[in-house]
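Trainee: What follows is each chain in one-letter form.
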Amino acid sequence: MEFGRMGIRFRKNRFMLGLAMPMILFVLVFSYVPMFGAIVAFKRYKFNEGILGSEWIGMTNFKFLFQTPDLWRIVRNTLGYNALFIALDLVFSVLVALLLFELTSRKWLKLYQTVMFFPYFLSWVVVAYMVYAFLNPRSGMLNQLFEWFGWPSINWYTEPGPWTAIFPIANLWKQIGFSAIIYYAGLVGIDQSYFEAARIDGAGRWRIMTKISLPFLYPVISILTILAVGHIFEADFGLFYQLPMNSPVLLPTTDVIDTFIYRTLTQMGNIGVSAAVGLVKSVVGLAMVVAVNLLVRRMNPDNALF
Amino acid sequence: MLKARAVRFDWAKIGIHTFFILLSLVFIVPLWAIAAISLSSETKLVKAGYSLIPRPLDFTAYQYILKNPLVILDSYRVTAVMSFAGALLSLLLIATCAYALARKDFAYRKAITYFLFFTMLFNGGLVPYYILMTKYFHVQNTYAGLILPVLGGVFYVFLMRTFFSQLPESIVESAIIDGAGEARIFFSIIIPLSKPVLATVGLIKLLTYWNSWFQALLFISDKEKYPLQYLLQVMLQNIEEITKQMNYMPTDYEALSAMPTESVRMAMAVLAVGPMLFVFPFFQSYFAKGLTVGAVKE
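Chains A and B supply the protein sequences, listed in that same order.
Letter by letter, the first sequence follows residues 163 to 468 of the working numbering.
Letter by letter, the second sequence follows residues 523 to 820 of the working numbering.
It should be emphasised that the hints constitute simulated quantities derived from the structure, not laboratory data.
Note that CB positions come from ideal geometry on N, CA and C, so glycine has one too.
Do not rely on the hints blindly, as some may be mistaken.
Pairs of lysine-lysine, DSS-like flavour, derived with a Cα cap of 27 Å [as the list claims (entries may be wrong)]: (1) K717/B / K632/B; (2) K569/B / K272/A; (3) K747/B / K589/B; (4) K272/A / K626/B; (5) K589/B / K717/B; (6) K626/B / K174/A; (7) K569/B / K657/B; (8) K632/B / K174/A; (9) K373/A / K535/B; (10) K566/B / K208/A; (11) K225/A / K208/A; (12) K626/B / K566/B; (13) K717/B / K747/B; (14) K566/B / K535/B; (15) K269/A / K589/B; (16) K535/B / K657/B; (17) K373/A / K272/A.
Covered stretches of chain A (in silico footprint by chain B; criterion: 3 or more residues with CB under 8 Å from a CB of chain B, positions within the stretch not fixed) [what the hints assert, rightly or not]: (18) 244-255; (19) 311-323; (20) 350-360.
Taking the hints into account, I'd like the entire structure generated from these sequences.
Mentor: Here is the structure:
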């Protein structure tokens, strides 16, 4: 009886199941299989023995990981940069959105938006070229400028210090157009009658901006920020890999979790440790997103992700 | 009185425009710099450094690339095949699944949604994926290696499902009454009605592929299979690579040293960004729409 009903249910849904099946299989093979493959973090991986055949060594890879001095460095860099990115992106894109909202001419609005939005569609490789045009120690434009001011020129690709500023600037440059559009969309959604009422009451531009426009953005701001915090352990690999052009001297300020995973996998061939970092990152990341989601749901259930 | 207001200088407005014009320069100058360097003569670049004004204009770099166009044509071809095949396959995967999930009478939609959604929260990491792809699927130096890692996208399934579920249910109902089969409903009614969302997702995927290099970094070592972005990366990090790439045949040392490496490199970047920058303004609204629709809720 039960079985028969299941059969009918299956037949009724056969076509839809068929439509969904390619995606289900794709996700099964390329997302779920690697999840189980993550057990390689507990093994001494040998290429010819495969994941299942390699020897089980328990927590050895993790012990090694927690002893390496690199661990503190990559966690500090990842969290530090991401926190800085979140703060800068928030302040500047809200500011830009508020100012864009002040523009009355659609033509100029569109132009400014387009100009600020296009870097979002460039790859980090191309951005690395632009950065190189400025930072090339011999012919770069920044050192020429320094020379003009009479300052000593800097060998940017061997000097770790300045990168703590270069990354935030580059990231903001690439991201701000996109974030500003999101906040701008939030401003456009505000009921016009609030502004009219304020103007009738004699409120000036500044007052309207800070007392009406900005408060209306608070929900969007808090949601986007909280979600970003949920992903704080995820470094943008392209940014940290492409811009410093793989210069090993720069690692103290350029090494993040994701570049470390890549490097241990491909250059040091330490597959077990690389997998261990990846697994820790995924588990912590999952915990962060779930925690953040709980927080959002407590504040406003409609904004929760799940 | 009206007249007086029109003449009055609006200082705030001038301030805002000044701010945006200066800000726009911040975005344009880097792009301008690349183009300017690519149009400068090599001797000037070596002697005086990069400059925002290429004087005199010098097209040697482009002539150089056009004389040995094989490399860039190869990588253009690889990028084009990868991008169009990848975007099309992605659309197919995404749209079919999204439609099934949008149908309220589909019994397994909840289960499948959870199954897909979990992959947005958790993944096995790079290493198991790398082993799966190289040891078990042997994707090294194949188009599969370039296409599979970027294929599909659970986020876009949910985005498209939201769109499909906003279509009036009566369309499907009346089509069933008229005797249309499910396949017919999907392909000749739903798909034509969904052109905007298909275009948005298709363009985003196309662009993602066009800009992708990470799969190539992992899986591609054969120079003839380098996608454009990866070729650029190799050229930037390894200046000798340019001479190697441009001269398949070993030539005499004189010719090698005469190679305008700095400007050629930037010219390659211009040729890689060019098409996209040209197309971008036309599709900007699609991108903005697709990226800001964050409705991923069930």
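Trainee: Now tell me, hint by hint, if it's right for this structure.
Mentor: Hints versus structure:
Annotation: proposed proximity of K717/B to K632/B holds, straight-line Cα distance about 26 Å (limit 27 Å). For the suggested pair K569/B and K272/A, the alpha carbons sit about 41 Å apart, so the restraint of at most 27 Å is broken. With a C-alpha separation of about 21 Å, the suggested pairing of K747/B with K589/B holds against the 27 Å cut-off. Proximity of K272/A to K626/B is assessed by CA-CA distance (about 39 Å); at most 27 Å being required, the pair is judged violated.
A hinted pair counts as satisfied when its Cα atoms are at most 27 Å apart, and K589/B with K717/B does not qualify at roughly 42 Å. At most 27 Å may separate the alpha-carbon atoms for a hinted pair to count; K626/B and K174/A meet this at roughly 13 Å. Among the hinted pairs, K569/B with K657/B is inconsistent with the structure: their alpha-carbon atoms are about 50 Å apart, more than 27 Å. About 16 Å separates the Cα atoms of K632/B and K174/A, which keeps this hinted pair within 27 Å; it holds.
Between K373/A and K535/B the alpha-carbon distance is near 19 Å, which keeps this suggested pair within the 27 Å criterion. The hinted pair formed by K566/B and K208/A fails the criterion: a straight-line CA distance of about 53 Å is larger than 27 Å. Of the pairs offered as hints, the one joining K225/A and K208/A holds, with about 19 Å between alpha carbons and a cut-off of 27 Å not exceeded. Between K626/B and K566/B, the direct Cα distance comes to roughly 67 Å. Violation of the 27 Å bound is thereby established for this hinted pair.
Only pairs whose Cα atoms come within 27 Å are accepted, and K717/B paired with K747/B is rejected, the gap being roughly 33 Å. In summary, the hint linking K566/B to K535/B is not supported, as the alpha carbons are separated by about 42 Å, beyond the 27 Å threshold. Proximity of K269/A to K589/B is assessed by CA-CA distance (about 42 Å); at most 27 Å being required, the pair is judged violated. Annotation: proposed proximity of K535/B to K657/B is violated, straight-line Cα distance about 62 Å (limit 27 Å).
A hinted pair counts as satisfied when its Cα atoms are at most 27 Å apart, and K373/A with K272/A qualifies at roughly 26 Å. With 0 residues carrying a beta carbon less than 8 Å from a beta carbon of chain B, the stretch 244-255 of chain A misses the three-residue requirement, and the given coverage is violated. A stretch counts as covered by a chain when three or more of its residues have a beta carbon under 8 Å from one of that chain; for the stretch 311-323 of chain A and chain B the count is 0, and the coverage is violated. For the stretch 350-360 of chain A, the stated coverage by chain B is violated: 0 residues have a C-beta nearer than 8 Å to a C-beta of that chain, whereas at least 3 were required.
In terms of the numbered hints stated before, the structure departs from hints 2, 4, 5, 7, 10, 12, 13, 14, 15, 16, 18, 19, 20, listed from lowest to highest.
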